[in-house]
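Chemist: For the sequence shown, my numbering gives the first residue as 6, with consecutive numbering after it.
Think of the hints as simulated: they come from the structure by calculation, not from any bench. Built from N, CA and C at the ideal position, the CB exists for glycine as well. Heads up, a few of these hints could be off.
Claimed, not checked - Derived lysine to any residue pairs resembling SDA-like cross-links, with alpha carbons at most 20 Å apart:
| no. | residue 1 | residue 2 |
| --- | --- | --- |
| 1 | 58 | 48 |
| 2 | 30 | 70 |
| 3 | 54 | 79 |
| 4 | 58 | 92 |
| 5 | 58 | 80 |
| 6 | 30 | 61 |
| 7 | 30 | 81 |
What the hints assert, rightly or not - Estimated spans, in silico, between C-beta atoms of each pair:
| no. | residue 1 | residue 2 | range |
| --- | --- | --- | --- |
| 8 | 48 | 68 | 17 to 25 Å |
| 9 | 15 | 54 | 26 to 34 Å |
| 10 | 8 | 39 | 27 to 35 Å |
| 11 | 69 | 32 | 13 to 21 Å |
| 12 | 55 | 17 | 31 to 39 Å |
| 13 | 45 | 13 | 33 to 41 Å |
| 14 | 13 | 46 | 30 to 38 Å |
| 15 | 45 | 82 | 20 to 28 Å |
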Amino acid sequence: MSLERINSRLKEGVKLSNTFGVITKITATTIEITGLRPSIGDIVRIVAKDKSKNGLGMVTQIKTDGAYISPFGFVEGFRIGDFVYESD
Numbered sequence: 006m007s008l009e010r011i012n013s014r015l016k017e018g019v020k021l022s023n024t025f026g027v028i029t030k031i032t033a034t035t036i037e038i039t040g041l042r043p044s045i046g047d048i049v050r051i052v053a054k055d056k057s058k059n060g061l062g063m064v065t066q067i068k069t070d071g072a073y074i075s076p077f078g079f080v081e082g083f084r085i086g087d088f089v090y091e092s093d
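From just these sequences and the hints, can you work out the full model?
Modeler: Put into structure tokens, the structure is as follows:
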């Protein structure tokens, strides 16, 4: 991609990289994350580092340095350090 094309896309407001958070704590019903600034009710995608597992969840609580996610499925297989992405 040329530099002019990149500049053009930036002016259009297109994101060139995904915003993500990192899992810092997991319980049977919630996942705690840092590094992402979501809003209450946002839907996020939870992805294992090795891409072996992924799922969706909803932001249910926000704190100064992170947020809590209520996953829509089981949390088995996810680990501390796995990624959480803003859902499109």
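Chemist: Compare the structure with each hint and give your call.
Modeler: So, going through the hints one by one against the coordinates:
1. For the given pair, residue 58 sits about 17 Å from residue 48 by alpha-carbon distance, which is consistent with the 20 Å threshold.
2. Straight-line distance between C-alpha atoms of residue 30 and residue 70 comes to about 13 Å, which keeps the hinted pair within the 20 Å bound.
3. At most 20 Å may separate the alpha-carbon atoms for a hinted pair to count; residue 54 and residue 79 meet this at roughly 17 Å.
4. Distance restraint check for residue 58 and residue 92: the Cα-Cα separation of roughly 16 Å lies within the 20 Å cut-off, and the hinted pair is therefore satisfied.
5. The suggested pairing of residue 58 with residue 80 holds, with an alpha-carbon distance near 10 Å, which does not exceed 20 Å.
6. Proximity of residue 30 to residue 61 is assessed by CA-CA distance (about 17 Å); at most 20 Å being required, the pair is judged to hold.
7. About 13 Å separates the Cα atoms of residue 30 and residue 81, which keeps this hinted pair within 20 Å; it holds.
8. Look at residue 48 against residue 68: about 19 Å separates their beta carbons, and that is inside 17 to 25 Å.
9. Between residue 15 and residue 54 the C-beta distance comes to about 29 Å, which sits within the given range of 26 to 34 Å.
10. Remark: the range hint 27 to 35 Å for residue 8 to residue 39 is upheld by a beta-carbon distance near 33 Å.
11. A hinted range of 13 to 21 Å for the beta carbons of residue 69 and residue 32 is consistent with their spacing of about 20 Å.
12. Between residue 55 and residue 17 the beta carbons are some 34 Å apart, a value that agrees with the proposed interval 31 to 39 Å.
13. Between residue 45 and residue 13, the C-beta spacing of about 34 Å keeps the proposed range 33 to 41 Å intact.
14. Between residue 13 and residue 46 the beta carbon distance is about 33 Å. The supplied range of 30 to 38 Å therefore holds.
15. Roughly 26 Å separates the CB atoms of residue 45 and residue 82, a value that falls within the hinted 20 to 28 Å.
Against the hints set out earlier in the document, no violation occurs for any number.
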